[in-house]
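Colleague: Below, each chain spelled out in residue letters.
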Amino acid sequence: MKIWRLWPPLLAISVLAWSAPGEITVAAASDLTFALTEIAHRFEQKTGTRVKVAFGSSGNFFAQIQNGATFDVFFSADVDYPRKLAAGGLAVAPTLWVYGTGRIVLWVPSGSPVNLGRMGMKALLDPSVAKIAIANPAHAPYGHAAKSALENLKLYDQVRDKLVLGENISQTAQFVESGNAQIGILALSLALAPTLKDKGTYWEIPADSYPPIEQAAIIPTAATDKTLARAFLDYVRTPEAQAILHEYGFQPPAGKP
Amino acid sequence: MSWQALALSVKLALVVSVVLFLIGLPIAYWIAYSRWRWKFLVESIVALPLVLPPTVLGFYLLVAMGTRSPLGRLWLRAFGHSLSFTFEGLVVASLIYSLPFTVQPFAAAFRSVDQQLVHASATLGVSRLRTFARVIVPLSYAGIITGLVLSFAHTLGEFGVVLMVGGNIPGVTRTVSIDIYDQVQSLNYVAANQTALLLLAVSFLTLSVVYAVNRKVWAL
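As given, the protein sequences belong to chains G and B, one line each in that order. First residue of the first sequence? That's 18 in my numbering, and the numbers climb one at a time after it. First residue of the second sequence? That's 707 in my numbering, and the numbers climb one at a time after it.
For reference, chain B alone in the conformation it holds in the complex (with noise of 0.2 Å):
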């Protein structure tokens, strides 16, 4: 079993998540409660991860980071060096690709809430980021939760887009996921078998708790 695989996984789910959350919340609000007539083509913006198969995404991060593309070469400069092959290459990718895991759960909690609630506390006088932050989110647990759970569980299990711009690197880009593959792919059953195995309850852990917070087992 590859514990530095798992591990690389596991912090790359972590940062992935975090700075999903971050950007996730002021995005689902605006989802949430825009009436900009052209707020669909947003949404469908977010939601294309969920139809595109990895290998598009893989392919235009691919070219985009390399230096034959102006924003390769602009990152190159800016920082001396690639963004492609790098664990943080990886979380842009991932970011992307888990962005609508994050967004959709938050805006449809967001959008749940009773708006006369958000009426009182604006009579009130209690300004719209208070109010965000003292009625909204705390209303919007279970969909932040999952919101959380699900980006987590699919940057985890992230395998297209890893392969194609990640270049395997151990410790640095070779994720779990891709381990399994390259077991696999050795012939290595019983190894692959084992990592495998373990992803599956992890994964299946992680959606216990989600759909557990749904259903309200633990008060929350």
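Bound-form chain G, shown alone (with noise of 0.2 Å):
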């Protein structure tokens, strides 16, 4: 058989694998990772719709996505992003929608010397630590409210030198898990996932502290499939989904139950 005679079927799997029907592309921000996994996996068994979710910084979808990638559902940690996109005409106009507020905590391994439940931010200040790691403050909206939080309780010039900055929460959290920081300002909801909640101990910052980090949801345009994007939309809003964001430390929007 000639080699080329391939080429038709391998082209028309190809395009079917593709452009797989019942399959919805999401695009979420890496603070969701644990939390929209289950909801995706538990979407996934009712309707038998596949979703692909793509984890990462809320900058970098946003980009995207204005620069047309294809997401069918954009989590952003910050309402900023899918707020622009909304005025500048690339979201489906109302469907808009702030699911959830995120809360930063403290966070150290295992071992560490430090004792977050009698100390609390004064931890920052203890000989021990070396490095604080929080997320980047220009572009990471955890970043940002660790930001707030420091200079509100008047720690930030005290702790400046020796901040170092994750590149989003997750690499953060990898900053103060694998030693290399000794603690860190995190999300609730990674300091709640599987992977870290047996290796350390949090303290949630007292949330007046920081302004508060809401996370909204968007479907883009570009969606290439809007039906199923909503399907999953409406059912992230039902309780049972907002039970597992809750479990996972998000609050639910301010000014509703």
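Hints are computed from structural coordinates only; laboratory data are not their basis. Take these hints with a grain of salt, some might be off.
[Unchecked claim] Residues from chain B shown here face chain G by an in silico Cβ test under 10 Å; the list is partial: (1) L763; (2) F765; (3) G772; (4) S775; (5) G778; (6) F785; (7) L789; (8) F793; (9) L869; (10) G873; (11) S883; (12) I884; (13) D888; (14) V890; (15) S892; (16) N894.
[To be verified] The calculated SDA-like cross-link candidates involving lysine to any residue, where the alpha carbons are at most 25 Å apart (straight line), are: (17) G/K216 with B/L780; (18) G/K101 with B/V896; (19) G/K179 with B/F793; (20) G/K243 with G/R254; (21) G/K216 with B/V797; (22) G/K214 with G/Q268; (23) G/K171 with B/I875; (24) G/K216 with B/L763; (25) G/K101 with G/G73; (26) G/K171 with G/D225; (27) G/K63 with G/E40; (28) G/K243 with G/T255; (29) G/K101 with B/N894; (30) G/K216 with B/L777; (31) G/K179 with B/V797.
Glycine included, each C-beta is placed from N, C-alpha and C at the ideal position.
Now that you have both chains on their own, put them together as the hints suggest.
Modeller: Shown next as structure tokens:
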């Protein structure tokens, strides 16, 4: 058999694989890694629709969607990005939805000499702390919140020389978990995640010391299947999915139960 | 445009290419002339950074430098501070990452030296080290310059490993590629474009030098 005879079937297979029916692609902020994986899994079981989730930095996804990426739903860790998409006519009009508020926590690995329960924020000033990991305040929502909290609690100037910046909140967790930084300011959702839960302790930073980290979802106009995208978003609104979000530390949006 | 980041990258690239020059010479000489049966294993190790994604190297370095690893604890005890998030840490990472860009052109150049000249030098009773310095190296100039310029340029443009082990500290580990990434992330496309364009120009210039040297535009 001549090898070129394989070309048409191969092409057909790749085209089919590309546009597999009943499948959506979701872009989600990395703080949702565990919660949304679970929600997507349940949605798949209920509806048979496959959900492929890409986790990463909200800013990256924002830039990609602006440049024509065809994500069906975009879950951003910062409400500003979906807002900008909507303002630029790149989002299906009424779909912007604040699905929760993120929280930040101090986190130390097990075996750390720092006692978070007793020291609270003062733990950052402990002599055993050489490096403090936070996400990059310039573009990561949790980093921005961390910096605001440090400033509001009059700690920023004392700790600024010890700060190391993670590219996103997951990398920030890596820095602490691997023992390169001694303490970190992480998302509560990560501190509660299966991969970190048993590896350290956390202490919730008072919510009034930083602006709320509002998380929002939106359906971009470039979505390949808006009906399925809506169905998925509707599912995330159900009490069942909301309970999962809550379990991973996302508070319901302010002003709503 | 952030000159601090650019200056840091240039400093890193300079330090790394000087150190790589020093350790690259003996390694390349050995690779060019050794007849050891298992030499191919060493060659493979040297070439690994060419094929491995920076994430692999970055991940292992992050784990190795952390205080959970014996290596990280040893370094901490010896120097009083951890290697992660420091300029020295970036130097170590870049040395590994740019090693093949130095060693391979060096070795190729050494190998192409006319062996009759080397033998002639030996029959005249000149030591191997002196033969290396007086015969092999002068005849390998183009390859040595190529290796140096490539390792410089490669370190200048290094991104993934620095992102994974640097910690983005201004003036210490925020290199120019990280700075560009941050600008893009913060949607400062104008600033990103300025720095990116400058880096593009510098890289083009460096590569032009390499190719000019290899075409013997200036007789060296």
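Colleague: Which hint numbers doesn't this structure obey?
Modeller: Per hint list: 1, 6, 8, 11, 21 violated.
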